[in-house]
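Asks: Residues 1 to 301 (the working numbering) make up the sequence shown, in order.
Keep in mind that the hints were calculated from the coordinates and are not lab data. All values reported here derive from a predicted model rather than from experimental measurement. Yeah, the Cβ is synthetic: ideal placement off N, Cα and C, and Gly gets one too. Do not rely on the hints blindly, as some may be mistaken.
The calculated lysine to aspartate or glutamate pairs, modelled on DMTMM-like cross-linking and capped at a C-alpha distance of 25 Å, are [unchecked claim]: (1) K106 with E59; (2) K89 with D275; (3) K106 with E51; (4) K286 with D275; (5) K142 with D241; (6) K286 with D176; (7) K142 with E244; (8) K89 with D108; (9) K89 with D288; (10) K106 with D288; (11) K286 with D276; (12) K89 with E102; (13) K129 with E139; (14) K106 with D275; (15) K89 with E59; (16) K286 with E160; (17) K286 with D168; (18) K89 with E51; (19) K142 with D176; (20) K286 with E80; (21) K142 with D214; (22) K286 with D194; (23) K286 with E249; (24) K106 with D276; (25) K142 with D275; (26) K286 with E69; (27) K106 with E282; (28) K142 with D276; (29) K106 with E69; (30) K129 with D214; (31) K106 with E80; (32) K129 with D141; (33) K89 with E69; (34) K286 with D108; (35) K89 with D276; (36) K142 with E80.
Here are the in silico distance ranges between beta carbons for each label pair [as the list claims (entries may be wrong)]: (37) E249 with A217: 23 to 31 Å; (38) K286 with E80: 18 to 26 Å; (39) A136 with T34: 46 to 54 Å; (40) D196 with A217: 16 to 24 Å.
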Amino acid sequence: MHIYSLRRLPFLLLALGLSALAAEGRPLLSLQPTIARPGDPVLITVRGLSEVPTGTLGERPLRFYPVREGFQALTGLPVELTPGQVAVKVTVPATGSAAPRELLGKLDVVAPGWPSRTLKVANKFVVKKPAPQVQARMEADKAAFAAAFAQSFVAPLFGENFAWPRQDRITAPYGDLRTFNGKKQSQHFGTDIDGDPGTPVYAANAGTVVMSRDNYAAGNTVLVHHGAGLYTAYFHLSAIDVREGARVERGQLLGKVGGTGRVTGPHLHWGVKVDDLWVDGETLLKLDFTGAPAVTQRDKE
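Could you build the full structure based on these sequences and the hints that come with them?
Replies: Shown next, in the form of structure tokens:
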């Protein structure tokens, strides 16, 4: 297995090498990011194929969709994953007289180093047994989220890379280990972005709104389905400016920063969900869905 890296070869030579391999009809497997942490989204690209491949990242099955010159699959790494190497296996289907082949790779996963913090919220959000009316509302919220995240798998509804939903100071990154009011412990599965109440929040990419709703803990919420098993979430809004079912484009206004739900102050909680896993949105922003991959691997001769 040959590995080509932008860190080791000039970009021009790499591009020429990839073009030559593609011209020979040899499938090319690439991974983004090249070094990951538990909780990261991972983009797998296979170029030089005309038939849909199958594959796995660790124990997670990959769902491929067509892109220019091949296929891609987007998945995530569980937050509880032990650091080390994760195997990537893609099976190239048989074509004509050619037998099926396998593309094999490894993804290096490093320790996340998540910080810990103590937060103070209203006591009603940390009681062990909520009042019946609160419990009923929380169950309704749970059902609404499940329905929103149950969209059929489709090819990406976007044609660009992802962008920040707003530009401001990050007050809490993905993965924070939290203690609320000295009692309730949890992990933060989103990125908190500072903002004054009423400042705009924009769609990180094109997609379809699958939730526009006031929830107990998340407050005023917008969920956008982007295809490819990918969703972005926007919590604690003071106002919502889109309706469920609406098609939105990257940079379109979704709502305004607020302090609704379980919060310590006004901010945007931005979440990213891939294949039923909440993943790190900052890593999603670094993935290139349209250009040349950073590391490419090819199958054995």
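Asks: If a hint holds in the structure, say so; if it doesn't, say that too.
Replies: Hints, verified against the model:
1. K106 with E59: holds, 13 Å
2. K89 with D275: holds, 18 Å
3. K106 with E51: holds, 23 Å
4. K286 with D275: Distance ~18 Å between K286 and D275 Cα, so the pair holds.
5. K142 with D241: holds, 23 Å
6. K286 with D176: Holds - the C-alpha atoms of D176 and K286 are around 20 Å apart, at most 25 Å.
7. K142 with E244: holds, 17 Å
8. K89 with D108: holds, 14 Å
9. K89 with D288: Answer holds: K89 to D288 is near 21 Å, not above 25 Å.
10. K106 with D288: Roughly 19 Å between the alpha carbons, so the hint for K106 and D288 holds.
11. K286 with D276: Given pair K286, D276 holds - Cα atoms ~20 Å apart, limit 25 Å.
12. K89 with E102: holds, 7 Å
13. K129 with E139: holds, 13 Å
14. K106 with D275: The hint holds at about 20 Å.
15. K89 with E59: holds, 10 Å
16. K286 with E160: holds, 12 Å
17. K286 with D168: holds, 17 Å
18. K89 with E51: holds, 16 Å
19. K142 with D176: holds, 23 Å
20. K286 with E80: holds, 22 Å
21. K142 with D214: holds, 12 Å
22. K286 with D194: holds, 21 Å
23. K286 with E249: Holds. K286 to E249 sits at ~19 Å (cutoff 25 Å).
24. K106 with D276: Holds. K106 to D276 sits at ~23 Å (cutoff 25 Å).
25. K142 with D275: Holds, at roughly 18 Å.
26. K286 with E69: holds, 21 Å
27. K106 with E282: holds, 22 Å
28. K142 with D276: holds, 14 Å
29. K106 with E69: holds, 23 Å
30. K129 with D214: With Cα atoms ~21 Å apart, K129 and D214 stay inside 25 Å; holds.
31. K106 with E80: The given pair, whose Cα atoms are some 19 Å apart, holds under the 25 Å limit.
32. K129 with D141: holds, 17 Å
33. K89 with E69: Measuring from Cα to Cα gives roughly 19 Å; hence the hint holds.
34. K286 with D108: holds, 17 Å
35. K89 with D276: Holds, at about 21 Å.
36. K142 with E80: Cα-Cα ~23 Å, so holds.
37. E249 with A217: 23 to 31 Å: Holds, since E249 and A217 (Cβ atoms, about 29 Å apart) stay within the stated range.
38. K286 with E80: 18 to 26 Å: holds, 23 Å
39. A136 with T34: 46 to 54 Å: holds, 47 Å
40. D196 with A217: 16 to 24 Å: Roughly 22 Å apart at Cβ, these two residues keep to the hinted range, so it holds.
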